[in-house]
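Colleague: Residues per chain, in single letters:
2 protein chains.
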Amino acid sequence: MRVVMKFGGTSVGSVDRIRNVAKRCVRRQAEGHEVAVVVSAMSGETNRLVSLTKEFTSDPNDRECDVVLSTGEQVSIGLLALAIREIGGKAKSFLGHQVKILTDDAFSRARISNVDGAALTECLSNDTIAVVAGFQGVTDSGDISTLGRGGSDTTAVAIAASVNADVCEIYTDVDGVYTTDPNVVPEARKIDKITYEEMLELASLGAKVLQIRAVEFAMNYNVPLHVRSSFNDNPGTMVVAAGENMESVVVSGVTAVTSESKVTIKRVPDVAGNVAKIFKPLADGGIVVDMIVQNVSENGETAVTFTVPTDDLARAEAVLQREAPDIATESNIRTDQNVAKVSIVGVGMRSHAGVAQRMFQILADEGINIQLISTSEIKVSCLIEKKYAELATRALHAGFKLESE
Amino acid sequence: MRVVMKFGGTSVGSVDRIRNVAKRCVRRQAEGHEVAVVVSAMSGETNRLVSLTKEFTSDPNDRECDVVLSTGEQVSIGLLALAIREIGGKAKSFLGHQVKILTDDAFSRARISNVDGAALTECLSNDTIAVVAGFQGVTDSGDISTLGRGGSDTTAVAIAASVNADVCEIYTDVDGVYTTDPNVVPEARKIDKITYEEMLELASLGAKVLQIRAVEFAMNYNVPLHVRSSFNDNPGTMVVAAGENMESVVVSGVTAVTSESKVTIKRVPDVAGNVAKIFKPLADGGIVVDMIVQNVSENGETAVTFTVPTDDLARAEAVLQREAPDIATESNIRTDQNVAKVSIVGVGMRSHAGVAQRMFQILADEGINIQLISTSEIKVSCLIEKKYAELATRALHAGFKLESE
Numbered sequence: 001m002r003v004v005m006k007f008g009g010t011s012v013g014s015v016d017r018i019r020n021v022a023k024r025c026v027r028r029q030a031e032g033h034e035v036a037v038v039v040s041a042m043s044g045e046t047n048r049l050v051s052l053t054k055e056f057t058s059d060p061n062d063r064e065c066d067v068v069l070s071t072g073e074q075v076s077i078g079l080l081a082l083a084i085r086e087i088g089g090k091a092k093s094f095l096g097h098q099v100k101i102l103t104d105d106a107f108s109r110a111r112i113s114n115v116d117g118a119a120l121t122e123c124l125s126n127d128t129i130a131v132v133a134g135f136q137g138v139t140d141s142g143d144i145s146t147l148g149r150g151g152s153d154t155t156a157v158a159i160a161a162s163v164n165a166d167v168c169e170i171y172t173d174v175d176g177v178y179t180t181d182p183n184v185v186p187e188a189r190k191i192d193k194i195t196y197e198e199m200l201e202l203a204s205l206g207a208k209v210l211q212i213r214a215v216e217f218a219m220n221y222n223v224p225l226h227v228r229s230s231f232n233d234n235p236g237t238m239v240v241a242a243g244e245n246m247e248s249v250v251v252s253g254v255t256a257v258t259s260e261s262k263v264t265i266k267r268v269p270d271v272a273g274n275v276a277k278i279f280k281p282l283a284d285g286g287i288v289v290d291m292i293v294q295n296v297s298e299n300g301e302t303a304v305t306f307t308v309p310t311d312d313l314a315r316a317e318a319v320l321q322r323e324a325p326d327i328a329t330e331s332n333i334r335t336d337q338n339v340a341k342v343s344i345v346g347v348g349m350r351s352h353a354g355v356a357q358r359m360f361q362i363l364a365d366e367g368i369n370i371q372l373i374s375t376s377e378i379k380v381s382c383l384i385e386k387k388y389a390e391l392a393t394r395a396l397h398a399g400f401k402l403e404s405e
Numbered sequence: 001m002r003v004v005m006k007f008g009g010t011s012v013g014s015v016d017r018i019r020n021v022a023k024r025c026v027r028r029q030a031e032g033h034e035v036a037v038v039v040s041a042m043s044g045e046t047n048r049l050v051s052l053t054k055e056f057t058s059d060p061n062d063r064e065c066d067v068v069l070s071t072g073e074q075v076s077i078g079l080l081a082l083a084i085r086e087i088g089g090k091a092k093s094f095l096g097h098q099v100k101i102l103t104d105d106a107f108s109r110a111r112i113s114n115v116d117g118a119a120l121t122e123c124l125s126n127d128t129i130a131v132v133a134g135f136q137g138v139t140d141s142g143d144i145s146t147l148g149r150g151g152s153d154t155t156a157v158a159i160a161a162s163v164n165a166d167v168c169e170i171y172t173d174v175d176g177v178y179t180t181d182p183n184v185v186p187e188a189r190k191i192d193k194i195t196y197e198e199m200l201e202l203a204s205l206g207a208k209v210l211q212i213r214a215v216e217f218a219m220n221y222n223v224p225l226h227v228r229s230s231f232n233d234n235p236g237t238m239v240v241a242a243g244e245n246m247e248s249v250v251v252s253g254v255t256a257v258t259s260e261s262k263v264t265i266k267r268v269p270d271v272a273g274n275v276a277k278i279f280k281p282l283a284d285g286g287i288v289v290d291m292i293v294q295n296v297s298e299n300g301e302t303a304v305t306f307t308v309p310t311d312d313l314a315r316a317e318a319v320l321q322r323e324a325p326d327i328a329t330e331s332n333i334r335t336d337q338n339v340a341k342v343s344i345v346g347v348g349m350r351s352h353a354g355v356a357q358r359m360f361q362i363l364a365d366e367g368i369n370i371q372l373i374s375t376s377e378i379k380v381s382c383l384i385e386k387k388y389a390e391l392a393t394r395a396l397h398a399g400f401k402l403e404s405e
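From first to last, the protein sequence lines stand for chains A and B. Under our numbering, think of the first position of the first sequence as 1, with each following residue one higher. Under our numbering, think of the first position of the second sequence as 1, with each following residue one higher.
Simulated from the structure, these hints should not be mistaken for laboratory data. Any given hint might turn out to be false.
Said to hold, decoys possible - Label pairs and their in silico Cβ distance ranges:
hint : chain 1 : residue 1 : chain 2 : residue 2 : range
1    : B       : Lys386    : A       : Asn20     : 45 to 55 Å
2    : A       : Pro309    : B       : Asn126    : 32 to 42 Å
3    : A       : Ser51     : B       : Lys401    : 16 to 26 Å
4    : A       : Asn126    : B       : Ser51     : 22 to 32 Å
5    : A       : Lys193    : B       : Ser51     : 36 to 46 Å
What the hints assert, rightly or not - Some chain A residues close to chain B (C-beta under 8 Å, calculated; not the full set):
hint : residue
6    : Val15
7    : Phe56
8    : Thr57
9    : Asp62
10   : Val67
11   : Ile212
Quick caveat: nothing in here was measured; it's all calculated off a predicted structure. Heads up, the beta-carbon is just placed ideally off N, CA and C, and yes, glycines get one too.
Next up, chain A with everything else stripped away, as it sits in the complex (with noise of 0.2 Å):
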């Protein structure tokens, strides 16, 4: 078998730690797989080299940011290739350009375009461990760039697709996807298999475990991600295409996520065209808009509501007072960051009737007003009182019977 295993930061932080992830690949490759490992920085790392690029510039979208950055995890690299050959494994470090990982050119957040498999190939092949840096590439132009926080995610999963590899291993301080957050839910269940559909909507929704962006390129290659503990052996959770071995779960998890905010505009004139007027600066802005509901037409004005991430809310009124400032006039806005968006999720919804419904009666039934809701095909989320966050996820965990198999 060809697996890529991917370590955070917390997993490389120390010299000891480093060992110890040096011990975990030799031990996969004694089990007859070819290996390919992708390191994060040591944890605080990346955070250090941020703190001296920012002494020089407010601007982290620039190419010497990335060049800056990306040491963190050359350093891993180097060290952890020395770890695996000091307990007697044959390892050798790649970095972006060296393997090569192509990027964009947008610094500090680049997409990588392609990945060349032929030098991994040929190490693992030739029955090495290749270690490669996380979270960077290199441009057209031969120029350093990173991917952003949480990019060694991708890196792995692209690494994956780029050799064939079988299975991508995340491993993380957590023994899998949770059903929701155990430490609001203590009867959170790990979850044994999941789709990449389904993945995707509990990472928008908060779940931390893996990058969206992570999931969406597994998701277009169709790598087998399989994320798991570092600290033990036990198996964590397959993130894989839907298939018909799926179990039928109609909600696989319940999110909750409170850092976005409600944006209410008034009295707007319902003629064609002024939606357009209030979302276009919002997208130019580069404010991404969640959750939209617009009122139905009342005496030609309707009501516009929809959220955007609280670190965005003044931004957003501004944008909207000064391109838009016929309809979003200074009395006519209303922004409310006492809100919460609760979600399920599952593929199952799509061929059962009425799960939407029975969200609702579960939330009315504790008495929680549902002030936004938005679906998708395998998705409902609710905005709430954000004082009720908590409640509403113990609520639908066990309206849902997610708690046992």
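Following the hints, complete the assembly by docking chain B onto the known chain A.
Modeller: Below, chain B alone, put in the same frame as chain A:
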């Protein structure tokens, strides 16, 4: 004028110092020059990285050690480029493989085989300051290599040669090259101009201001060096080819080295091949032998005396007893760590008779016994008892009137 500036680790040792270097580069450019700048890792950083690698390997000549070590300079160039832009300058950083600086694959002590000046020249002709990582290169197969301690000097000279720079300025914490160590002789004088050959001898003899390989490189490619202070604008020492405009000084400098030890092998049968039996195993063991003297033969036996770095002394003894057991018997070998080598250097010696004789007289007048002598065209070295090192240095500096022009 096209100028290459080189700053060491102390000069870029903090955020503020990096800002100072940036100012200096921008000012040099504003004077109408094209500027490339080579920097080392921030002071302490290379030691930190070496310590990390030593946790996993005792072999510093490992490909992976260079992957780790080269990150120090990478951080420096990114930060310096940002600092230059912060004050309105234009800058672009270059790693060894981006330049590219081709080396052999002797990791940790690689030698530069070629430097491609094209990318740098394009950068310079674009009014942009090229910020180049010192100490690192890339091998034919794309591996990262490092040049060994002090390698940034060599990088600077090689860069200067590749872009046909008019001068390579080495910024340091002293004002230039001195006639001798000012800590030993307060009257030591800064030398205004010195030849490559003299500088080479001085560097070999322990003047730490410039790396020997950098001077060799400058001599081979005829790159004028300017060794000057990073703290002020005073002219330093120009290191250039010998020419008609040189001051015709007999002796340029005095040095003392106390890091060598003396080895004597007595009762060596005076037959052909016996001397080779002594020095071949030492050469094969990578032990650099310095001064060599063979006594006049007596009764068909001779004594051979030489010096080796004290760090290699124990190994030299072991090698000899193993590889030349019939000659280097335990009772025949004598070693002495209690020695110093004092030397005088100067191109003027070529045309002035009696310089060596004057040196012997000066030492004799101080009651200092000479144990060994070795000479080159522009250098005379004497091995003396260690406790006389400073006294000999002061006496020679005064005797050759180096304190005044």
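Colleague: Determine for every hint whether it applies to the structure shown.
Modeller: Structure-based check of all given hints:
1. B/Lys386 to A/Asn20: 45 to 55 Å: 50 Å, holds
2. A/Pro309 to B/Asn126: 32 to 42 Å: 39 Å, holds
3. A/Ser51 to B/Lys401: 16 to 26 Å: 55 Å, violated
4. A/Asn126 to B/Ser51: 22 to 32 Å: 31 Å, holds
5. A/Lys193 to B/Ser51: 36 to 46 Å: Holds, since A/Lys193 and B/Ser51 (Cβ atoms, about 45 Å apart) stay within the stated range.
6. Val15: 5 Å, holds
7. Phe56: At 4 Å from the nearest chain B Cβ, A/Phe56 passes the 8 Å test, so the hint holds.
8. Thr57: Holds, about 5 Å.
9. Asp62: 7 Å, holds
10. Val67: 4 Å, holds
11. Ile212: 28 Å, violated
In this structure, the earlier hints numbered 3 and 11 are contradicted, and the remaining ones agree with it.
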